[in-house]
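*Asks:* Residue numbers (this note's numbering), protein chains in the order written: chain A, 3 to 412; chain B, 19 to 383.
Everything labelled a hint here was simulated from the structure, so no lab data went into it.
In the SDA-like style, the derived pairs of lysine to any residue whose C-alpha atoms are separated by at most 20 Å in a straight line are:
hint, chain 1, residue 1, chain 2, residue 2
1, A, K151, B, E24
2, A, K151, B, R21
3, B, K201, B, R290
4, A, K151, B, T22
5, B, K249, B, R283
6, A, K67, A, V53
7, A, K78, B, I27
8, A, K151, B, I43
9, A, K151, B, G48
10, A, K151, B, D53
11, A, K151, B, P31
12, B, K201, A, A46
13, A, K78, B, N28
Pair ranges (Cβ atoms, derived):
hint, chain 1, residue 1, chain 2, residue 2, range
14, A, L13, B, E153, 56 to 64 Å
15, B, V263, A, R81, 58 to 66 Å
16, B, K201, A, W384, 33 to 41 Å
17, A, D377, B, Y60, 26 to 34 Å
18, B, E23, A, G399, 41 to 49 Å
Not close to chain B: a few residues of chain A, all C-beta gaps over 10 Å, as computed:
hint, residue
19, Q18
20, L26
21, E37
22, I89
23, I165
24, V199
25, P276
26, I298
27, R311
28, K385
29, A393
30, V395
Yeah, the Cβ is synthetic: ideal placement off N, Cα and C, and Gly gets one too.
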Amino acid sequence: MDQVTLIQRLLIPTLQILAVVLVLPLLIAYLQLVERKVLGFMQARLAPRRVGWHGLLQPIADAVKLLIKEDIIPEKADRFLFTLAPIATVIPALAALAVIPIAGASFTVAGYEVKPFITDVNVALLYLLAISSLGIYGIILGGWASNSKYSLLGALRSSAQMISYEVPLGFAIIGVLMLAGSASMVEIVEAQKSAGVWYVLPQIVGFFCYFIAAIAETNRVPFDLPEAEAELVAGFHTEYSGMKFAFFFLAEYTNMIVVSCIVTVLFFGGWLRPFPNVESLWWLENGWLILLPLTIGGFAGWLFGQKTRRGIPPMIAGGAIGAAAGAVLAIGDAGGLASLHVPVVSGAFWFFLKISVFLFMYIWFRGTYPRYRYDQLMALGWKWLIPLSVANVIGTGLAIVVKNAVLGKG
Amino acid sequence: MFRTEEMDINMGPQHPSTHGVLRLILNLDGEEIADVRPVIGYLHRGVEKLSEHRTYAMIEPLTDRLDYVAAISENLGYCGAVEKLMGLQIPPRAQSIRVILAELQRIASHLLWLGTHALDLGAMTVFFYTFRERELILDLFEQFCGARLTYNSMRIGGLLEDLPPGWTDRVRHFLTIFPSRQKEYEDLLTVNRIWLGRTQGVGILSREDAVALGTSGPTLRGSGVDYDVRKAQPYSSYDQFDFDVPVGKSGDTYDRYLVRMEEMRQSCRIIRQALDRLPAGEVRAKVPKYIKPPAGEVYHVVESPRGEQGFYIVSKGSEMPYRMRFRAPSFVNLQALPTMCRGRLIADVVAIIGSIDIVLGDVDR
Chain A
3 MDQVTLIQRL
13 LIPTLQILAV
23 VLVLPLLIAY
33 LQLVERKVLG
43 FMQARLAPRR
53 VGWHGLLQPI
63 ADAVKLLIKE
73 DIIPEKADRF
83 LFTLAPIATV
93 IPALAALAVI
103 PIAGASFTVA
113 GYEVKPFITD
123 VNVALLYLLA
133 ISSLGIYGII
143 LGGWASNSKY
153 SLLGALRSSA
163 QMISYEVPLG
173 FAIIGVLMLA
183 GSASMVEIVE
193 AQKSAGVWYV
203 LPQIVGFFCY
213 FIAAIAETNR
223 VPFDLPEAEA
233 ELVAGFHTEY
243 SGMKFAFFFL
253 AEYTNMIVVS
263 CIVTVLFFGG
273 WLRPFPNVES
283 LWWLENGWLI
293 LLPLTIGGFA
303 GWLFGQKTRR
313 GIPPMIAGGA
323 IGAAAGAVLA
333 IGDAGGLASL
343 HVPVVSGAFW
353 FFLKISVFLF
363 MYIWFRGTYP
373 RYRYDQLMAL
383 GWKWLIPLSV
393 ANVIGTGLAI
403 VVKNAVLGKG
Chain B
19 MFRTEEMDIN
29 MGPQHPSTHG
39 VLRLILNLDG
49 EEIADVRPVI
59 GYLHRGVEKL
69 SEHRTYAMIE
79 PLTDRLDYVA
89 AISENLGYCG
99 AVEKLMGLQI
109 PPRAQSIRVI
119 LAELQRIASH
129 LLWLGTHALD
139 LGAMTVFFYT
149 FRERELILDL
159 FEQFCGARLT
169 YNSMRIGGLL
179 EDLPPGWTDR
189 VRHFLTIFPS
199 RQKEYEDLLT
209 VNRIWLGRTQ
219 GVGILSREDA
229 VALGTSGPTL
239 RGSGVDYDVR
249 KAQPYSSYDQ
259 FDFDVPVGKS
269 GDTYDRYLVR
279 MEEMRQSCRI
289 IRQALDRLPA
299 GEVRAKVPKY
309 IKPPAGEVYH
319 VVESPRGEQG
329 FYIVSKGSEM
339 PYRMRFRAPS
349 FVNLQALPTM
359 CRGRLIADVV
369 AIIGSIDIVL
379 GDVDR
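Okay, chain A solo, but in the shape it has when bound (with noise of 0.2 Å):
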């Protein structure tokens, strides 16, 4: 192998990898900021605004203090496994986010090309699945090993639970498998431009099953009966503290950052922009140059509105005029006023706004919701979303049958 290929095949994934298990992280405690900041405003409270200007530096000082805390392993517990159930969750967690691709055209650094995955493999859709129920080891291990009535209880809720919600989780996919005729995640977002249209819409059934699955297997709010602190103290977790306990819930948040990316790529397009094939639309490949000086004027508003007292008005009134001014720019790019399109960049833009569109809804679902019992979230999984799933694959098929037959091919 000579150098140019040695360093496109094995040096740019490393450093990619790197840069996942590095950033991911820091993002996941700013999402943890984003998320008491928003639960805080639906709930009439401020949330954290001591460390740093309006709490910026509170992730930072969680992290420090989870790695500095001190690391108590219970004495009956059973050492080995309970070091091994953190790591164990963590790491197919982040193993996950190999295959998601964040935008569709690979770009170019120093004569090498990068493209925007670690890797597209043709399975990438039963990796995702094989992977993800990996993570219930971490699960069962950690609450088994605790050696914890409350941490055992809280394990076999997980696994039963987690188990129960695979099944719809794996027929709601196999809709949009038939739709896209393939596995791999570049192909399947490849297939929606060409069908010009996103998948939510064919298979909106699928969507609905496929999220409150997922959530239900990312143990949120209302299916988060694992770690109910208010019967289990903290289900599984219970007696983890320190880095181990910090492992748990970066893997908790992994989780929830690696199902909206699998919803944005199978159901909403992954990096394409809204109608695809619409091209008077074309201006919103540059989304983000109306965005970025909407939600600039915006702040600056609120800022100016908190500062002068005059409430919600000038922050709409920022947002406007940064909305025009990003609109300028945006449509004047076609007549060369300036060539700010990037396809990375325009990918990456839309494939981020869309995953946080679940990412707050999470949020939104946290802030109110009630928690499901047991039995009620079993008799949801199993008599609902299973025979819905179902369903919907066998429509989708005979749906396609028929399209064949009327279109002639097949």
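Got chain A sorted already, so can you dock chain B onto it with the hints?
*Replies:* Just chain B now, with coordinates in the frame of chain A:
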């Protein structure tokens, strides 16, 4: 052959949802409850015994610490008992103000119950909303008597002082905003499918059991028994007010929830009437400087937010009671817990504890 065995699990005294220091020994078959044994006494301070060595005026601050989330109801009950023993006539203005305070306290106490009950079932936002409104009531109490939790707000024979200027307007302001806030909680819970699933049919207490176990308050009324001390044995001019006593049908957690929600509306109704017809005049009857009730005994009950709050005093004619006894509604209602929990799941225990609304200071005394 596989063999399953029942597991004993300790819930509390340090547990996020046993509302204080209640300890439950759950006998579990899987996640199903085979039996529940409540263990109490972790907050026992011997208030009844302490009272035997205090003058009558010094006992009132102790009553604050029984049911510490509804201290005004305790003050009202205790003062009422001593007044009954002494045969005092309370000025009408003082009686009306006491009703306003007690009903505001009922709303504040029910708000605390609603917030924690919803938090136990995972709906965390309701908790912050109810505490926002409870804060308004606590501000009103603070303006009235300077304290926010243990008020010591009344005196034997009436009140220490009249209302501060502008206080009634602030109460009226609260009454105008509160109904819309209550609608916010109901939007989040009353027709929420998950909330219905978690509360309907959970912790059923039959009418017969409720009476036999001696429960009172919303726990009793949720089971369909129309009994409210304010109607049955009116005290402090409650007979002059027009209000309904909400009653449940099936005696489940959801019915108790509905009863308390409606009670908050009825309390607003009572406060409005009391403000509209607030009599003028003195707020304290002529009482001797040293309170020495005649020898004898008295039992006086009031309807606290938790139920029938009784005060039994035996006097030997000295300035200290010979014997003091409190009938704590939380203590009696807690007896119904095992009946309601058997055969349910662990998650239901949390819902049921929340729905009988115990305060451990009241249980243990």
